[in-house]
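Number of protein chains: 2
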Amino acid sequence: MISIKKIFGNPRHIILYGLFMAILVFILKWLQWKYLITDNSSDIYIGLIAVFFTLLGTWIATQLAKPKIQTVIVEKEVYLTRPGEVAINETELKNLNLTTREYEVLQLLTQGYTNAEVAEKLFLSLSTIKTHVSNLFVKMDVKNRTQAVEKANRLRIMPQAN
Amino acid sequence: MISIKKIFGNPRHIILYGLFMAILVFILKWLQWKYLITDNSSDIYIGLIAVFFTLLGTWIATQLAKPKIQTVIVEKEVYLTRPGEVAINETELKNLNLTTREYEVLQLLTQGYTNAEVAEKLFLSLSTIKTHVSNLFVKMDVKNRTQAVEKANRLRIMPQAN
DNA sequence: TGAACTTTGGTACTAAAGTACGAGTGCAAG
DNA sequence: CTTGCACTCGTACTTTAGTACCAAAGTTCA
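Protein chains in written order, with the working numbering: chain A, 8 to 169; chain B, 8 to 169.
It is possible that some hints are incorrect.
The list makes no distinction among identical chains, and a pair is therefore deemed to hold if it is satisfied within one copy or across any two copies.
In the DSS-like style, the derived pairs of lysine-lysine whose C-alpha atoms are separated by at most 25 Å in a straight line are [said to hold, decoys possible]:
1. Lys150 <-> Lys137
2. Lys128 <-> Lys146
3. Lys158 <-> Lys137
4. Lys150 <-> Lys128
No lab work stands behind these hints: they were computed from the structure.
Could you build all of it, start to finish, from the sequences and the hints given here?
Rendered as structure tokens:
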């Protein structure tokens with residue numbers, strides 16, 4: 008479709024074709040007149056026509072030839088990542104305004120340690136831990152340690168949350 | 008290179024070409040003899056030659072022409088999960104051998120609900136929840152709910168762990 | 001059908017968590 | 001210097017969590 012339109016729909020091609028035909032006719036007539044009596048005339052005549060139309064056919068074919076479309080499918084690996092995996096934690100952490108001690112306690116809380124265990128690990132008394140934990144709950148806006156752990160994991164605050 | 012070899016290197020093509028030429032010569036001679044005295048003879052003669060060599064040129068061109076290949080690259084997205092991100096949870100979950108009820112309770116536990124709240128949500132008594140929770144701890148090999156939440160998050164067992 | 005498991009629920013008790021309030025110490029900024 | 005904050009610790013109390021043991025009803029499967 009496109010190729011036919013390319014050849015016959017383009018006015019320049021028609022003009023070129025006409026010119027070639029005219030030139031050919033002139034050449035043929037001249038040859039015909041020159042070798043009128045000669046025996047070779049028809050052979051040369053036919054030969055020229057043959058060459059010309061062979062070239063014409065070649066040209067038409069190249070114009071008509073539709074390009075073969077080769078489809079190459081490239082597999083692109085897309086990794087599924089959860090939105091905001093590591094980036095958020097710093098921001099959210101600052102919003103909570105936790106003190107360093109509270110953050111330490113929270114880390115141990117999220118690891119499943121009891122208040123007594125946390126106290127032992129930090130060389131503090133149980134009551135101190137309870138105070139820190141209570142303050143943590145207020146700052147984190149939660150009611151118990153389980154919610155605190157859930158929230159810490161959700162906000163990706165803790166470093167070892169993998 | 009290949010195309011030339013295709014045409015002239017193949018004996019069958021040469022034979023076909025020779026046959027076509029012979030037939031053409033016969034047709035032409037026959038026409039020449041039949042319309043020898045007629046004035047139209049040369050016109051028909053030329054016309055036939057033109058048609059034949061146009062077709063020949065077309066055929067040669069199609070044989071010689073390197074196929075125009077238009078390459079279309081299509082990106083196919085292959086979704087992958089990073090190793091150990093989501094895939095493991097099914098395996099780990101089965102290893103725990105939790106019952107459906109226990110899993111339901113665990114889901115609510117990891118969301119920070121107290122036993123009383125879980126009981127209310129599941130329309131069960133507090134003692135039933137305590138039983139399920141105790142069995143959970145045994146199966147999960149933990150000592151309290153905080154450790155259970157930590158382990159559930161670590162093993163990526165819960166669906167809403169994002 | 002019987003055994004094993006699940007689900008539900010209860011009582012009694014201990015342990016841990018959590019709240020409320022107070023208070024002392026040290027440190028840094030206004 | 002004093003004010004505020006972080007950190008520490010204590011007591012008293014309530015609430016929740018967790019354990020132990022038991023038991024009934026339902027389900028599943030060989």
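Indicate which option fits the pair Lys128, Lys146 if close means a Cα-Cα distance not exceeding 25 Å: within, between, both or neither. within (23 Å within a copy, 27 Å between copies)
Since the copies are identical, ignore which copy is meant and state whether Lys158 and Lys137 lie within 25 Å (CA to CA) inside a copy, between copies, both or neither. both (19 Å within a copy, 23 Å between copies)
Homomeric proximity label, Lys150 with Lys128: Cα distance no greater than 25 Å: both (24 Å within a copy, 18 Å between copies)
Is it within a copy, between copies, both, or neither that the alpha carbon of Lys150 lies no farther than 25 Å from that of Lys137? both (13 Å within a copy, 19 Å between copies)
Comparing the model with each earlier hint shows no violations; every hint is respected.
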